[in-house]
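Protein chains in written order, with our numbering: chain A, 7 to 313; chain B, 7 to 313; chain C, 7 to 313; chain D, 7 to 313.
Read the hints as simulated data drawn from the structure, not as lab findings. Watch out, some of these pointers could steer you wrong.
A pair counts as met if it fits within one copy or between any two copies, since identical chains are not told apart.
Listed below are the simulated DSSO-like cross-link pairs for lysine-lysine, each with C-alpha atoms no more than 27 Å apart in a straight line [what the hints assert, rightly or not]: (1) 86 - 289; (2) 297 - 267; (3) 289 - 270; (4) 272 - 299; (5) 299 - 267; (6) 289 - 249; (7) 297 - 272; (8) 297 - 270; (9) 249 - 108; (10) 263 - 297; (11) 267 - 152; (12) 152 - 272; (13) 297 - 31; (14) 299 - 86; (15) 31 - 160; (16) 31 - 289.
Chain by chain, the residues:
Number of protein chains: 4
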Amino acid sequence: MKAHRNSNWFFDNLSPEEGHIHGIKNILYSGESEFQSMEILETWSYGKCLILDGKMQSSEVDEFIYHEALVHPAMLTHPKPESVFIVGGGEGATLREVLRHKTVKRAVMVDIDKEVVDKCRELLPEYHQGAFDDPRAELLFMDARKYLEDADEKFDVIIIDISEPVEEGPAYLLYTQEFYNIVTERLTGSGIITQQTGTISPNSLLNYTAVNNTLSTVFQVVAPYYANIPSFGRPWGFTLASKNVDPLSLPTEEVDKRIGKRIKGKLAFYDGITHQGAFRIPKYLREANRKQKRVIRDTEPLFAYTA
Amino acid sequence: MKAHRNSNWFFDNLSPEEGHIHGIKNILYSGESEFQSMEILETWSYGKCLILDGKMQSSEVDEFIYHEALVHPAMLTHPKPESVFIVGGGEGATLREVLRHKTVKRAVMVDIDKEVVDKCRELLPEYHQGAFDDPRAELLFMDARKYLEDADEKFDVIIIDISEPVEEGPAYLLYTQEFYNIVTERLTGSGIITQQTGTISPNSLLNYTAVNNTLSTVFQVVAPYYANIPSFGRPWGFTLASKNVDPLSLPTEEVDKRIGKRIKGKLAFYDGITHQGAFRIPKYLREANRKQKRVIRDTEPLFAYTA
Amino acid sequence: MKAHRNSNWFFDNLSPEEGHIHGIKNILYSGESEFQSMEILETWSYGKCLILDGKMQSSEVDEFIYHEALVHPAMLTHPKPESVFIVGGGEGATLREVLRHKTVKRAVMVDIDKEVVDKCRELLPEYHQGAFDDPRAELLFMDARKYLEDADEKFDVIIIDISEPVEEGPAYLLYTQEFYNIVTERLTGSGIITQQTGTISPNSLLNYTAVNNTLSTVFQVVAPYYANIPSFGRPWGFTLASKNVDPLSLPTEEVDKRIGKRIKGKLAFYDGITHQGAFRIPKYLREANRKQKRVIRDTEPLFAYTA
Amino acid sequence: MKAHRNSNWFFDNLSPEEGHIHGIKNILYSGESEFQSMEILETWSYGKCLILDGKMQSSEVDEFIYHEALVHPAMLTHPKPESVFIVGGGEGATLREVLRHKTVKRAVMVDIDKEVVDKCRELLPEYHQGAFDDPRAELLFMDARKYLEDADEKFDVIIIDISEPVEEGPAYLLYTQEFYNIVTERLTGSGIITQQTGTISPNSLLNYTAVNNTLSTVFQVVAPYYANIPSFGRPWGFTLASKNVDPLSLPTEEVDKRIGKRIKGKLAFYDGITHQGAFRIPKYLREANRKQKRVIRDTEPLFAYTA
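Please put together the full structure from these sequences, using the hints given.
See the structure below:
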């Protein structure tokens, strides 16, 4: 019996000149949907991973960090989130975290890609953990922007859980000022939105800072925070935005109290201390955000991953 | 004139089944010292990088994060650091950050590998910025553990800036309880030590938690913190330890006041807010540290990067 | 629907500083046998491939070249091969080619690794094409050297179809003078042996020339030839050896006549012209063979793939 | 002193799903000319290599095979080659081999890319060995097709030494029927042309067979042959064509006699036996050539390396 030496590698191109590589144990699925290429790989270091258009979306080992970081800051900052809208969210893990909040009465998830959701539902039960079957959940397959444009309903929290804006991808019109204007129309008074905002690596801050600046043209409160999801290959930014609720006003103990009262089960990543740490981003990020003047518009979109 | 398409890649093996890859613009130096292999590469995304034994040590783009995070928490937490000892520190950038503190009267740097220091001094002036020529600096080439064992002198701050413990490498006996016992003998009353403690990726926490646990058998105050150095490929831990000084007791404003009074020039990564964020590590790390019982000893060393 | 862009790669390390990489479509099997690691990969460019200890053994696209080149020169040079012994031959494709010869009454295949043969039989029917079920075939799982040492039987043709000699691998004692002495004892009067002899790349001719030289200490006729199996990543050598039969004495037409008379079905790679070409190896190989004096012995084995 | 473990790799993409990788010792040059990107790398296994548009063109270790195979079959088949025209030939090694023939009175080399030739001249003296300074040589920088179109002069041998036809590259109009018609106009009565015709791997024979078929619409004698240049990553085809001279009519001894009489110094790859072997290509190639009906035209060009 010999020691395993891996020779099969998944290459995640972080940029044309940087990558993160993963030893592949198995290829559970590989195909093309109407909108994107899709793979579910089993890797040696990160377990089962979802790959869209060649980019790592989430891994079994650290999706708890991504999904807790995406969902709970907004949900816990909101005084009483009852209705939640998820833009994207293919794996169902964002929905899972949302539904752990006992206050939630209704969670609408709109993903453009039925094939991706169907495959995740079938092959990644560790991710969704049955969330799609919760009676509070409503799942629709269409353009989320169109849905929000046509909707009358308002939501307490809107979570934007989409891949990065790439030129040929389905997501780039969900990062523009016009889209945020639509979103803000669909928020209740103390409504909050949250989303990932790309890498915070000092050598590629354009996307991160431009999204934050664009958000600041629409929302009064723009609170960038961050988390480390190692499978992403680089440190990662998130931003919470709202008209009038500031996550930094919550003391540590209040965060822990709300977690205790509102959330079913135990969190692994988030608590009061994590909350305080996450929103205190390093100086270079605050300065880069301050300097950025670019506003992303439908007619002036921004694409990540270009050289 | 055609767009550049890189086809030369440096492979940084984070583990036998994970890697970070970098497009190479130029190979500035490649050789073998008495203790390790050494390369200075110019990469497209991170500028000039120092590689030891095939592992990324620091990059032009984000070494400010690593070196500010390594040096300033300990130096700012100390009431008045006058004498500093650096274990390792090859590039000279740790020395550079130490010498920015006006309180410092003497900084001793002991690195085992003269060839590495000489090459860095010659080829990486952006890193050391002349620090080696500062009259307060003393540079010695020998085993730092031996130096500390034989020394009478005590230091206010001891900064351990070494590569990770690998089986064939020079560093693994600088991570043991015996070494920390030597170190504590060489600290002044309110003396502080600080070091990097490896990745904080949830899939490889053994090294990180075992170092923290080993430190806690020697020091009263053990304060883990973290920073994101993207060129390392994974999020990274640091730990400050002392007999009686706790970094978390410093308010934001006090950190900023000390920076203003004590440090020459402007910091890019560290300030009061960064300080508060860095020491508030995510819940899963605090729990992993709590559960770890392993103590690293000379006779029971721990090696990173094994499958 | 988007064009496929592969991001999963199998790395075949030809040497520590050279490799051949293949886009992976699927991992059909991955495991460890008692003797070696084994994978069956489906690649985009070469179809289904057998990988042992991380090295490409054969691919669906070009195994016809390898197996025809390994089997037919010896079988066609022999006046009437009735009994054939195969050392190794895991995939069953060597057996398949042997059994296409109508003269063959008995073919004994001895492979040390039952798991490899079983998996090939199950997952690579395109390779063996039912050869194992032929009543003329006898399949044994044991050390082929031991089998030959203990046997009384003599064979007309002995085909050595094994992986390269690596330090930890099962094959290196099948490349020594002692082994060839055993083999020659088991040959009938005009008996012939044949085997692959490694790459003929000008930068790594040691293995190739040393095997040829070792053969020449045992056999009167040593006839090196070559073939291009692209999935091997480098051009490849073979050698036929016998006491008294020389393949170069066969005219083109005689080869074609024997193919027509003796072989069932059509060959894709081999015919009279291919025969003449294959045995006329380039000048630099003939000179390198002439200069090599090393004899491989049990006590002085030779390992491929060392730096 | 530790053993070298390479971690810098050049990736030569043979196709979108296959590659050959080389450990890099040094990057001697990297830049963009007017026509293509260019690199001169020092690799561990193949020495100094010329890379154009990311593709290996030739290596120090095996360029003797490529250049001898490209030049001598045509030159030796011709009864008395006095004037030679080289299309491309950047490194100067084709010119070097041509000028070894004592019959040659004039050799015109026309390469479109002065920067490539200048850099090779400066950094690859092992390749050209001073050939550019031979008084019989004339070197011009322009479109070779245009030169031949406008010329009155006729040549005994025309050697086409260019990179493969890629969509954005400078070479694809040098593989068309129209180009061969221009070439044939510039040949003397028993004139011969020769060129590389791409890989002969069974999974990508389109380029190879289409070039051969296109040649056969223009020339009476079309004689494909092959050689193994390991740095190319795959086995390689060449084709000699002429109105009335057939290389297969030359007996082994006549080839050796001509080499002895006409060529200065010793050849390493080519001699009478190599000649006989090279032109006896395997059956599957002859059949593939026979079946191919495609003719490459200016308006219907063919590009290698497309998925």
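Which hints from the list above does the structure break, by number from lowest to highest?
5, 11, 12, 13, 14, 15, 16
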